[in-house]
Amino acid sequence: AQSVTQLDSHVSVSEGTPVLLRCNYSSSYSPSLFWYVQHPNKGLQLLLKYTSAATLVKGINGFEAEFKKSETSFHLTKPSAHMSDAAEYFCVVSPRISFGNEKLTFGTGTRLTIIP
Amino acid sequence: EAGVTQFPSHSVIEKGQTVTLRCDPISGHDNLYWYRRVMGKEIKFLLHFVKESKQDESGMPNNRFLAERTGGTYSTLKVQPAELEDSGVYFCASSHRTGGRGEQYFGPGTRLTVT
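Chains as they are written, first to last, in this note's numbering: chain B, 1 to 116; chain H, 1001 to 1115.
Treat the hints as calculated values from the structure; they're not laboratory data. Note that the structure is a prediction, hence the values are computed from the model and not measured. Careful: at least some of the hints might be erroneous.
Here are a few chain H residues that sit away from chain B, every Cβ distance over 10 Å (derived from the structure) [unchecked claim]:
| no. | residue |
| --- | --- |
| 1 | 1004 |
| 2 | 1039 |
| 3 | 1041 |
| 4 | 1051 |
| 5 | 1052 |
| 6 | 1067 |
| 7 | 1068 |
| 8 | 1087 |
| 9 | 1095 |
| 10 | 1115 |
Coverage of chain B stretches by chain H, computed from C-beta distances (three or more under 8 Å per stretch; other residues unrestricted) [claimed, not checked]:
| no. | segment |
| --- | --- |
| 11 | 11-17 |
| 12 | 63-75 |
Straight-line C-alpha distance at most 25 Å; calculated DMTMM-like pairs for lysine to aspartate or glutamate [as the list claims (entries may be wrong)]:
| no. | chain 1 | residue 1 | chain 2 | residue 2 |
| --- | --- | --- | --- | --- |
| 13 | B | 58 | H | 1103 |
| 14 | B | 42 | B | 71 |
| 15 | B | 49 | H | 1085 |
| 16 | H | 1041 | B | 15 |
| 17 | B | 69 | H | 1030 |
| 18 | B | 69 | H | 1085 |
| 19 | B | 69 | H | 1103 |
| 20 | H | 1044 | B | 88 |
| 21 | B | 42 | H | 1085 |
| 22 | B | 49 | H | 1030 |
Each residue gets a CB set at the ideal place from its N, CA and C atoms; glycine is no exception.
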């Protein structure tokens, strides 16, 4: 079984300040972890993914996340927020096993607001 | 390369009616997934096709939902008869590789409103 907990449903930061979106996971298997973003009226876009290589993962638009097995966390960060970062962010887990079990399990989402 | 497309973008139907949602995956992607987000809840898995075969349909809520993928290309998801609780956003995704390592590419979703 696997699950994801996004600890904040809403986060507001001022433009130019750091962003931290928190995610904890639970998985019976060694997981793959992802962050997806959804901008208004757009589809889900992959920001970054962890699949067992480096624990610090860099994604698009300056975002990065660190896989911490001891804390079962995969928090998303960005050093300096931009107005275009306003969106809803989803932490996602998938079991990293062989063929037949690729379904993604989503967190409830964190809506990020950027204050000018 | 064209992305995952879904049609319609928005559908409003009355309770008891039938609706069919369509998903066109990225060309060459054998894996096709349907997910759903109902109001205020998380996005949940519905089912997974590998080519034309249903690999996993454990997330389908009940027998009012029927998914098909004839020929292993596009897929349809039919809801018959629709109920109020079926309202939400239905997402389709596709991927090339198997084993939980392949990135899933999502379409923009179909917003279904049942009145």
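Results of checking the hints against the structure:
A Cβ of chain B approaches the Cβ of residue 1004 (chain H) within 10 Å, the least distance being about 7 Å, so the stated non-interface status is violated. Distance check for residue 1039 (chain H) against chain B: the nearest CB is about 12 Å away, which clears 10 Å, and the non-interface claim stands. With a minimum CB-CB distance of about 7 Å to chain B, residue 1041 (chain H) fails to clear the 10 Å threshold, and the non-interface call is violated. For residue 1051 (chain H), the condition that its CB be more than 10 Å from all CB atoms of chain B holds, with the nearest at approximately 13 Å.
Listed as a non-interface residue, residue 1052 (chain H) keeps its Cβ farther than 10 Å from every Cβ of chain B; the least gap is roughly 16 Å. With a closest Cβ-Cβ approach of about 14 Å to chain B, residue 1067 (chain H) is found to remain outside the 10 Å limit, as its non-interface label requires. Residue-level check passed: residue 1068 (chain H) sits 19 Å from the nearest beta carbon of chain B, beyond 10 Å. A cut-off of 10 Å between C-beta atoms confirms that residue 1087 (chain H) is not in contact with chain B; the least separation is 18 Å.
Its beta-carbon lying about 7 Å from the closest one in chain B, residue 1095 (chain H) breaks the requirement of being farther than 10 Å from that chain. A cut-off of 10 Å between C-beta atoms confirms that residue 1115 (chain H) is not in contact with chain B; the least separation is 22 Å. Only when three residues or more bring their CB closer than 8 Å to a CB of chain H does the claim for the segment 11-17 of chain B stand; here the count is 0, and the claim is violated. Closer than 8 Å: that is the beta-carbon criterion, and the segment 63-75 of chain B has 0 residues meeting it against chain H, so the requirement of 3 is violated.
For the proposed pair residue 58 (chain B) and residue 1103 (chain H), the alpha carbon gap of about 15 Å is at most 25 Å, so the pair holds. Taking the CA atoms of residue 42 (chain B) and residue 71 (chain B), the gap is about 32 Å. The hint is violated against a cut of 25 Å. For the proposed pair residue 49 (chain B) and residue 1085 (chain H), the alpha carbon gap of about 33 Å is over 25 Å, so the pair is violated. A distance of roughly 28 Å separates the Cα atoms of residue 1041 (chain H) and residue 15 (chain B); the hinted pair therefore is violated under the 25 Å criterion.
With a CA separation close to 32 Å, the supplied pair residue 69 (chain B) and residue 1030 (chain H) exceeds the 25 Å bound. Distance hint between residue 69 (chain B) and residue 1085 (chain H) is unfulfilled; the C-alpha atoms sit about 38 Å from each other, more than 25 Å. A distance of roughly 21 Å separates the Cα atoms of residue 69 (chain B) and residue 1103 (chain H); the hinted pair therefore holds under the 25 Å criterion. Restraint check for residue 1044 (chain H) and residue 88 (chain B): the C-alpha separation of about 16 Å stays at or below 25 Å, so the hint holds.
Between residue 42 (chain B) and residue 1085 (chain H) the alpha-carbon distance is near 23 Å, which keeps this suggested pair within the 25 Å criterion. Distance check on the hinted pair: residue 49 (chain B) and residue 1030 (chain H) sit about 21 Å apart at the alpha-carbon level, within 25 Å; holds.
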